[in-house]
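2 protein chains.
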Amino acid sequence: MKRSIGAQTVAYPTPVWVVGTYDGKGKANVMTAAWVGICSSKPPCVAVSLRQATHTYEGILKRQAFSINVPSESHVKVVDYFGLVSGKRVDKFAATGLKPVRCDFVDAPYVAEFPLILECRVIHSIEIGLHSQFIGEIMDVKADEALLGEKGLPDIEKVKPIVFGPEILTYHGLGKYLGQAFSIGKEL
Amino acid sequence: MKRSIGAQTVAYPTPVWVVGTYDGKGKANVMTAAWVGICSSKPPCVAVSLRQATHTYEGILKRQAFSINVPSESHVKVVDYFGLVSGKRVDKFAATGLKPVRCDFVDAPYVAEFPLILECRVIHSIEIGLHSQFIGEIMDVKADEALLGEKGLPDIEKVKPIVFGPEILTYHGLGKYLGQAFSIGKEL
Numbered sequence: 000m001k002r003s004i005g006a007q008t009v010a011y012p013t014p015v016w017v018v019g020t021y022d023g024k025g026k027a028n029v030m031t032a033a034w035v036g037i038c039s040s041k042p043p044c045v046a047v048s049l050r051q052a053t054h055t056y057e058g059i060l061k062r063q064a065f066s067i068n069v070p071s072e073s074h075v076k077v078v079d080y081f082g083l084v085s086g087k088r089v090d091k092f093a094a095t096g097l098k099p100v101r102c103d104f105v106d107a108p109y110v111a112e113f114p115l116i117l118e119c120r121v122i123h124s125i126e127i128g129l130h131s132q133f134i135g136e137i138m139d140v141k142a143d144e145a146l147l148g149e150k151g152l153p154d155i156e157k158v159k160p161i162v163f164g165p166e167i168l169t170y171h172g173l174g175k176y177l178g179q180a181f182s183i184g185k186e187l
Numbered sequence: 000m001k002r003s004i005g006a007q008t009v010a011y012p013t014p015v016w017v018v019g020t021y022d023g024k025g026k027a028n029v030m031t032a033a034w035v036g037i038c039s040s041k042p043p044c045v046a047v048s049l050r051q052a053t054h055t056y057e058g059i060l061k062r063q064a065f066s067i068n069v070p071s072e073s074h075v076k077v078v079d080y081f082g083l084v085s086g087k088r089v090d091k092f093a094a095t096g097l098k099p100v101r102c103d104f105v106d107a108p109y110v111a112e113f114p115l116i117l118e119c120r121v122i123h124s125i126e127i128g129l130h131s132q133f134i135g136e137i138m139d140v141k142a143d144e145a146l147l148g149e150k151g152l153p154d155i156e157k158v159k160p161i162v163f164g165p166e167i168l169t170y171h172g173l174g175k176y177l178g179q180a181f182s183i184g185k186e187l
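Heads up: the sequence lines are chains G and E, in that order. When we follow numbering that gives the first Met the number 0, the leftmost residue of the first sequence carries the number 0, and every step to the right adds one. When we follow numbering that gives the first Met the number 0, the leftmost residue of the second sequence carries the number 0, and every step to the right adds one.
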């Protein structure tokens with residue numbers, strides 16, 4: 000039996016990604032975001048929704064670029080911290096000891112310690128309501144060499160990305176392998 | 000040491016959601032999508048990117064509505080099947096024995112057997128490239144009563160959503176609890 004729980008942002012799972020930008024003064028900044036996802040294959044793009052009040056919003060507007068930094072579960076505390084404080088008041092890299100590195104293809108910094116990085120340039124933006132969505136074309140992907148698996152792609156079980164549960168506000172790890180996409184459904 | 004692997008849609012994790020629509024003839028259809036995510040809190044919205052060649056794209060254009068059906072890991076084979084075949088040729092509900100139910104708030108069907116349902120009406124659309132993105136305002140959320148936890152919200156560990164690894168094309172379950180968001184970072 001289904002029960003209506005009203006109109007709210009309850010949909011599982013969402014990613015937990017960290018968005019890297021330079022602000023107006025050139026300071027490297029990061030924030031954690033879960034209203035994010037891949038949104039196009041050709042060109043390869045991600046969508047990132049942010050409140051206009053964030054320091055990251057200002058940074059993206061000015062530089063028209065951002066990085067997506069995929070954390071591992073071992074980074075979960077620092078990832079939560081990146082979502083708790085504002086880059087308007089705090090240098091989050093200095094506060095955590097993580098190292099900002101300038102992207103090769105876009106005007107944004109990435110987090111050296113995180114395993115998987117996407118360099119993105121803004122190609123669309125749309126005001127939805129409380130959040131504005133930026134669509135960034137992926138100009139390059141970088142991964143820690145030790146995490147590369149078959150076909151030269153990052154092994155998700157080595158990356159150990161963080162999974163988020165909206166509204167219930169819980170972080171989870173990646174669970175057991177269930178099967179291969181575009182394959183296991185052929186049995187039906 | 001980081002290695003560049005080029006511009007591609009590699010970013011972990013993404014959701015695995017099933018999109019429900021009526022087609023031009025009123026037939027209930029479903030497709031699996033991973034280029035999806037929450038994109039706004041107020042109004043509560045999700046973004047869904049689809050290729051224009053899909054039957055679902057046509058259905059959304061005509062009805063300006065869709066459902067998001069969050070599957071459990073036990074549904075992984077049928078979810079993969081929903082992404083393998085086109086509703087242009089196949090009645091996917093009939094083929095799998097799952098039951099379509101008309102949404103209460105929008106002109107779309109949902110999958111009765113899936114644990115968590117979002118009823119969405121289209122408020123924006125944007126052509127990105129191979130994919131078009133529809134932004135749907137969440138008009139209602141429905142959850143199986145047995146899965147509701149504290150505060151009346153669905154317990155993610157009971158829902159058991161599926162997690163996807165783009166490019167490597169693997170399905171995974173939800174992993175272990177890592178901590179509470181907007182909380183564990185305060186220790187830093």
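Calculated from the structure, these hints are not laboratory results. Please note that a few of the clues may not be correct.
Stated by the list, open to error - Pairwise CB distance ranges, derived in the manner of DEER restraints:
| id | chain 1 | residue 1 | chain 2 | residue 2 | range |
| --- | --- | --- | --- | --- | --- |
| 1 | E | V100 | G | K87 | 24 to 30 Å |
| 2 | G | S85 | E | G25 | 48 to 54 Å |
| 3 | E | G96 | G | S85 | 48 to 54 Å |
| 4 | G | E186 | E | Q51 | 27 to 33 Å |
| 5 | E | S85 | G | G151 | 52 to 58 Å |
| 6 | E | A145 | G | E144 | 15 to 21 Å |
| 7 | E | L60 | G | E186 | 42 to 48 Å |
What the hints assert, rightly or not - Just a sample of chain G residues kept apart from chain E, beta carbon distances all over 10 Å, derived:
| id | residue |
| --- | --- |
| 8 | D22 |
| 9 | G25 |
| 10 | K26 |
| 11 | C44 |
| 12 | L83 |
| 13 | K87 |
| 14 | A93 |
| 15 | K98 |
| 16 | D106 |
| 17 | K150 |
| 18 | D154 |
Just so you know, even glycine gets a beta-carbon here, dropped at the ideal spot from N, CA and C.
Results of checking the hints against the structure:
1. E/V100 x G/K87: 24 to 30 Å: For G/K87 against E/V100, whose Cβ atoms are near 47 Å apart, the range 24 to 30 Å is violated.
2. G/S85 x E/G25: 48 to 54 Å: 50 Å, holds
3. E/G96 x G/S85: 48 to 54 Å: 51 Å, holds
4. G/E186 x E/Q51: 27 to 33 Å: 29 Å, holds
5. E/S85 x G/G151: 52 to 58 Å: Between E/S85 and G/G151, where Cβ atoms are some 31 Å apart, the hint is violated.
6. E/A145 x G/E144: 15 to 21 Å: 46 Å, violated
7. E/L60 x G/E186: 42 to 48 Å: 32 Å, violated
8. D22: 21 Å, holds
9. G25: It holds; G/G25 is separated from chain E by about 23 Å at its closest Cβ, greater than 10 Å.
10. K26: 19 Å, holds
11. C44: Given a closest Cβ separation of 6 Å, the condition is violated.
12. L83: 5 Å, violated
13. K87: 17 Å, holds
14. A93: 12 Å, holds
15. K98: 12 Å, holds
16. D106: Given that every Cβ of chain E is farther than 10 Å from that of G/D106, nearest at about 17 Å, it holds.
17. K150: At roughly 8 Å from the nearest Cβ of chain E, G/K150 sits no farther out than 10 Å, so the non-interface label is violated.
18. D154: The assertion about G/D154 is violated, with a minimum of 7 Å to chain E.
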